[in-house]
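Dock chain one against chain two, each of which comes alone in its own frame, and use the hints as you go.
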Amino acid sequence: MKTFLENLEMLSLAAGTSGDEAAIKKIIYDEVIGYPDCVAKTDNAGNLIVSKKGKKAPKNRLMFSAHMDEVGFIITHIDENGFLKFSNVGGIDSRVIVGKRVRVGKNEIPGLLGSKAIHLVKKEEFDNPTKTDALFIDIGADSKEEAEKLVCLGDRAVFDSDFEKFGEDCVMGKALDDRAGCAVLMELLKEEAEYDITVCFTTREEVGGNGAGNAAFSVEPDIAVVVEATSAGDFPCVPGEKFVCKQGAGPVVSFRDNGTLYDMELYRHIMELCEEKNIPAQTKHGICGFNDAKFIHQTRGGIRPVAVSLPARYIHSPYASIKLSDAEHTISLIKILSTELCEI
Amino acid sequence: MDTRDLLLKFSSVDGNSGDEKLAAKAAVELLSQYGKAYVDNLGSVICEVAPKKNGRHVMLDAHLDQIALLVINIEENGFIRTYPCGGIDRRGIYGTKVRVLGKDGEYPGIVCSIPPHIKDVNDKNPERDEIFIDIGFGKEETAKRVRMGDRVMLCGKWSDIGNGYVTGPALDDRSGCVTILEALEILKDKELPCGLTAVFSTREETGGQGAGAASFAVAPTEAIEIDVGFGKTPDTTEINSKAMKKGPVIAFHPTLDIEISRKLIALAEKNEIPFQVEAYGGSSTGTNADEIATAGAGVRCGLISIPQQYMHSIIEKVSVDDVKNVGKLLAAFVMEGGEN
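One line per chain: the protein sequences are R and L, in this order.
First residue of the first sequence: 1, per the working numbering; consecutive thereafter.
First residue of the second sequence: 1, per the working numbering; consecutive thereafter.
There's no promise every hint is true.
As the list claims (entries may be wrong) - Computed list of lysine-lysine pairs in DSS-like fashion (alpha-carbon distance at most 27 angstroms, straight line):
id: 1; chain 1: L; residue 1: Lys139; chain 2: R; residue 2: Lys242
id: 2; chain 1: R; residue 1: Lys165; chain 2: L; residue 2: Lys157
id: 3; chain 1: R; residue 1: Lys123; chain 2: L; residue 2: Lys188
id: 4; chain 1: L; residue 1: Lys36; chain 2: R; residue 2: Lys165
id: 5; chain 1: R; residue 1: Lys246; chain 2: R; residue 2: Lys59
id: 6; chain 1: R; residue 1: Lys85; chain 2: L; residue 2: Lys157
id: 7; chain 1: L; residue 1: Lys124; chain 2: R; residue 2: Lys131
id: 8; chain 1: L; residue 1: Lys190; chain 2: L; residue 2: Lys52
id: 9; chain 1: R; residue 1: Lys144; chain 2: L; residue 2: Lys157
id: 10; chain 1: R; residue 1: Lys149; chain 2: L; residue 2: Lys232
id: 11; chain 1: L; residue 1: Lys188; chain 2: R; residue 2: Lys149
id: 12; chain 1: R; residue 1: Lys246; chain 2: L; residue 2: Lys139
id: 13; chain 1: R; residue 1: Lys85; chain 2: L; residue 2: Lys9
id: 14; chain 1: R; residue 1: Lys85; chain 2: L; residue 2: Lys245
id: 15; chain 1: L; residue 1: Lys245; chain 2: R; residue 2: Lys123
id: 16; chain 1: L; residue 1: Lys52; chain 2: R; residue 2: Lys165
id: 17; chain 1: L; residue 1: Lys21; chain 2: R; residue 2: Lys106
id: 18; chain 1: L; residue 1: Lys324; chain 2: R; residue 2: Lys144
id: 19; chain 1: L; residue 1: Lys246; chain 2: R; residue 2: Lys144
id: 20; chain 1: L; residue 1: Lys157; chain 2: R; residue 2: Lys131
id: 21; chain 1: R; residue 1: Lys294; chain 2: R; residue 2: Lys59
id: 22; chain 1: L; residue 1: Lys124; chain 2: R; residue 2: Lys246
id: 23; chain 1: R; residue 1: Lys85; chain 2: L; residue 2: Lys246
id: 24; chain 1: L; residue 1: Lys124; chain 2: R; residue 2: Lys122
id: 25; chain 1: L; residue 1: Lys139; chain 2: R; residue 2: Lys165
id: 26; chain 1: R; residue 1: Lys144; chain 2: L; residue 2: Lys52
id: 27; chain 1: R; residue 1: Lys144; chain 2: L; residue 2: Lys124
id: 28; chain 1: L; residue 1: Lys124; chain 2: R; residue 2: Lys242
id: 29; chain 1: R; residue 1: Lys165; chain 2: L; residue 2: Lys232
id: 30; chain 1: R; residue 1: Lys131; chain 2: L; residue 2: Lys36
id: 31; chain 1: L; residue 1: Lys232; chain 2: R; residue 2: Lys85
id: 32; chain 1: L; residue 1: Lys246; chain 2: R; residue 2: Lys149
id: 33; chain 1: L; residue 1: Lys157; chain 2: R; residue 2: Lys149
id: 34; chain 1: L; residue 1: Lys36; chain 2: L; residue 2: Lys188
id: 35; chain 1: L; residue 1: Lys25; chain 2: R; residue 2: Lys122
Treat the hints as calculated values from the structure; they're not laboratory data.
As the structure is a prediction and not an experimental result, all values here were calculated from the model.
In isolation and in its complexed conformation, chain L is listed as follows (with noise of 0.2 angstroms):
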């Protein structure tokens, strides 16, 4: 399948952090065809592409969750108070059609929206506990068909924009699994001179559980974190947001490892993948990268970052040559990041 229609079918497959079983199964089977793939305690599917050689084993990373909302209580009249799990954006909540995936099915419905003509009631964005879905049933008939804790999940539309891009919910973080995908897909037929181990990990959206404990049992000497960063738009600056189609973003951050952000580049400028440079302080990546390098013993950890514009909207957009490069770049690193 070619890169496009990899970002379009795998990102539509529905999985918030907590419940990505569905998105696991098509990950377990896109993953098969390059090594014994399987799930963890946690929900993460980890494939063993190859065992560990010459004391290096590399570990890939991307998160398999997506953000979504979560049942907290069925009001009066049927409405459903949720919660989100994982960042949604409250500036645009309202009018947001959903699916809430509930007990014998998936029930359709709306965030409720206050119309203008309706004044002076709340000049706010809502609270976190303040989402209300209308499913069109009213209290018994939602409390037969809607549980506590199911995950009501925003719908939009898959597709390509413009020359070259593609848009949709979930582009945060299956991107970066079709970067790893696409990676395995250069390394097939080849000799790896190391081991090698991707995950795509659950829970990312709420803290990255899955990537820690799936970290601890791979127990890489190395690892790269591949997730989703800012995409340059009108209301971004040049330092928190990379431009789109550049290239892989490769970060410095106290968290990761100095040299293996340095080799990155090196691979880059080597292979002639174009790619970006971002450097930032403070104690955390934002990402998986936290939770692996801490992880067991500690793992020496990289990330890269493909720009991706709105993200935690349903109208996330990627580059596709953006997300080709990552995966070059992750082939590289595999098959030359060992060397001097």
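If we strip away everything but chain R, and leave its shape as in the complex, we get (with noise of 0.2 angstroms):
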């Protein structure tokens, strides 16, 4: 049984965007089959669906949803010099992408993120954002014929980027929104479980893709929890009011973002069980965002939504950080919520 930094470091490491997570998906299964009392099945939305047995049923059927895919780039052209044009698989601000490099494909070999060199950039050029169409990916190829041996169109890229503690009790790696979900997720599965309960990891959350809609429509729960990474905007540049949250002070809990009004109810209760057991928790400030509670709590007949999250520095970049103590509160505000759930 490998440890949540472990598992986390090895899911940060490997490439997964969305509708492209079934490296994701592996390791995750590899790793929770062993963990007692889970079963495991993937559907057709490449779901990786994990349901655990508990000692007894539950009142509430609950449901703990992460997605594995991350954002990136898909390979669209190769020009006849060999050069490669993308288009971002989720929400990329050019600003994190000039001059880095990236892994291409099945093989991972090496991409370049190209720009001209800044010397012959014009000063608009240098002050506004690049437009991501301006830019390519050079992957050593002097030719067209050169560079369709090495990549095909559809072929997915990734930031490469390596995975490092720092700091006070931090990591940083890319992807870790949302992988430090599944690692947070997999920790709930290592116990024994009081009730039933059933884990989703999910596909295409970066696209705005239903791959959670279609788990929750399988598993038919009460209750589901979304445990994601949010932008913690607790840092220079941004303005007091944007912060959102803030890393250090414990799991997001949220009342409403751009896709989900959350369970009023649940929501204070949650407030209340962290404050009871001495578990630091925030709320998300400002309406940003959204995840896969969106999909999720409009399937079936409704399904009563709820999200924690981990406070997460730049996600969306090559390097994300989150706080180990941020993480280890979340874990243990999830193991409390899959039995107080249940019972309410």
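Here it is as structure tokens:
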């Protein structure tokens, strides 16, 4: 059984953009299949659905979910000189991609997200973010034929980032949104459960896809808890009112985002539980982003939505960061919810 | 060591402008086999290969320094405000991994980036003084580890890419240094017809002060500057960039000695070294040639460029063959450059 940190590192390093999550699914499957009372299956949407047998049947059927996919790039064209054109998979600001290194395709060959040198850039181009369609990926090929031997259209590219602990209890790496959520839910599966629960590792969240909705349709829960990594804006350049949430202040419990109005009764109950159990927690300030709850809560006759997120800085870039103390508190809270919400 | 290994190894040693100590130490080790090598007052490495002979003394120069960031303040909550030390590309600096060269060691960090979920905060590229680093410590802990003026290196990976290319940070201008090492290796057992000094100079990215001072001290009769030049990409033109793998780029510019430029072309042709030619105007070559040509009583100076894609990024890319061919041309210039 691997530790939380070992799982997170493995998941962060692996490549799995939206619609191409197979490598992530395999890592999770190979690990959780050895955990007690877990049965795992994959569905037509590519989700991994893990049923965990508890000591008793719950009053409320409970589903947890975290998405497996990450933002990245899809190769759309190879030009006559062997340079690759691409589109973004998910929301990526050009200011995090110009001049970065990526891994391209199944063989993960190195690629360079190139642009002309700054010396050749006009002032207005230098002040305004570069248009993504002006960029290209260089794999070191000298011709179209040479490039075609290494890359096919539809191949994906991800940031070529390593994973490292740093500072006071922090880790950095790519795709922590939402591999951190996946690793948190793997912790939940490690121990014997009080009640039967279902944990879904879902697909296509970053492109607003419906992987989680499909999973919820099959699982038919009463309550769904989405575990995410959400934008912490607690750093310079972000005006105070846009800070959303803070690193180091514990899990973020949402009452609203751009996709979902969360169940207020459950939201308040969870905030009270945190206080009672001495788990630091915060809510999401301001309304931004959305997550799998958007699709889950509208499934079948409706599912009561809950979102618990890890505050993560610099998501959707080559290096995001989370604080391990936030991860520990999120794991504690999720474990409590796995019994409390079944009984409520 | 073969050219590829030398490129990857030498470019992975830190050496930001004004703080080139580590790179200089590596340079002294690499150069010592060819002559007495030492570090001068501005930190440049000077290697005396052969004393002046037949009235001719050639100086070969490439710059040792690389671009990076400089700590200018420690902010609330421990974030570090930096300023470019050399021409940092602000278009893509967000989300870059960095290493802060702090008081008692290196501290990994991230250049703060605003996620797309927090909209309308700033739709411009960051200003030079708005590049913030997160090393994961609060203000007090950061202040214990990081000092004003500490350098912040941009992390990248050094590797092969494609067929015959290498990529990574600082290939501008360690590639130039490697061309000089290539030339010295070719010349190693030869009787030189002239004096020869190799210089790996400091502070090019912030003005070229190292090369100016070294030229004054060496006082050569002629010099060749080797730097990287713009390699062709889909967003450049045939005029402002040159092809990769098509050999050294020999420059014509008002600052440069026209006879040396012509001589380099003749020598490339004679020795069957592939080459390209660039000609441009203006008051500056944008290289150390400007400082060398005007040093002391003046130095006749030539300029050779190695085509490089993505200059001033962490994905700089050069062709190993181009580097080797520049080395051959430099060796030819030392041996035959004085002939009529």
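Comparing the hints with the structure gives:
no., hint, verdict
1, Lys139/L / Lys242/R, "holds, 22 angstroms"
2, Lys165/R / Lys157/L, "holds, 18 angstroms"
3, Lys123/R / Lys188/L, "violated, 47 angstroms"
4, Lys36/L / Lys165/R, "violated, 43 angstroms"
5, Lys246/R / Lys59/R, "violated, 34 angstroms"
6, Lys85/R / Lys157/L, "holds, 22 angstroms"
7, Lys124/L / Lys131/R, "holds, 12 angstroms"
8, Lys190/L / Lys52/L, "holds, 16 angstroms"
9, Lys144/R / Lys157/L, "holds, 25 angstroms"
10, Lys149/R / Lys232/L, "holds, 22 angstroms"
11, Lys188/L / Lys149/R, "violated, 42 angstroms"
12, Lys246/R / Lys139/L, "holds, 16 angstroms"
13, Lys85/R / Lys9/L, "violated, 31 angstroms"
14, Lys85/R / Lys245/L, "holds, 22 angstroms"
15, Lys245/L / Lys123/R, "violated, 30 angstroms"
16, Lys52/L / Lys165/R, "violated, 54 angstroms"
17, Lys21/L / Lys106/R, "violated, 41 angstroms"
18, Lys324/L / Lys144/R, "holds, 26 angstroms"
19, Lys246/L / Lys144/R, "holds, 18 angstroms"
20, Lys157/L / Lys131/R, "holds, 25 angstroms"
21, Lys294/R / Lys59/R, "holds, 24 angstroms"
22, Lys124/L / Lys246/R, "holds, 24 angstroms"
23, Lys85/R / Lys246/L, "holds, 24 angstroms"
24, Lys124/L / Lys122/R, "holds, 14 angstroms"
25, Lys139/L / Lys165/R, "holds, 19 angstroms"
26, Lys144/R / Lys52/L, "violated, 51 angstroms"
27, Lys144/R / Lys124/L, "violated, 35 angstroms"
28, Lys124/L / Lys242/R, "holds, 17 angstroms"
29, Lys165/R / Lys232/L, "violated, 38 angstroms"
30, Lys131/R / Lys36/L, "violated, 51 angstroms"
31, Lys232/L / Lys85/R, "holds, 16 angstroms"
32, Lys246/L / Lys149/R, "holds, 23 angstroms"
33, Lys157/L / Lys149/R, "holds, 24 angstroms"
34, Lys36/L / Lys188/L, "holds, 14 angstroms"
35, Lys25/L / Lys122/R, "violated, 37 angstroms"
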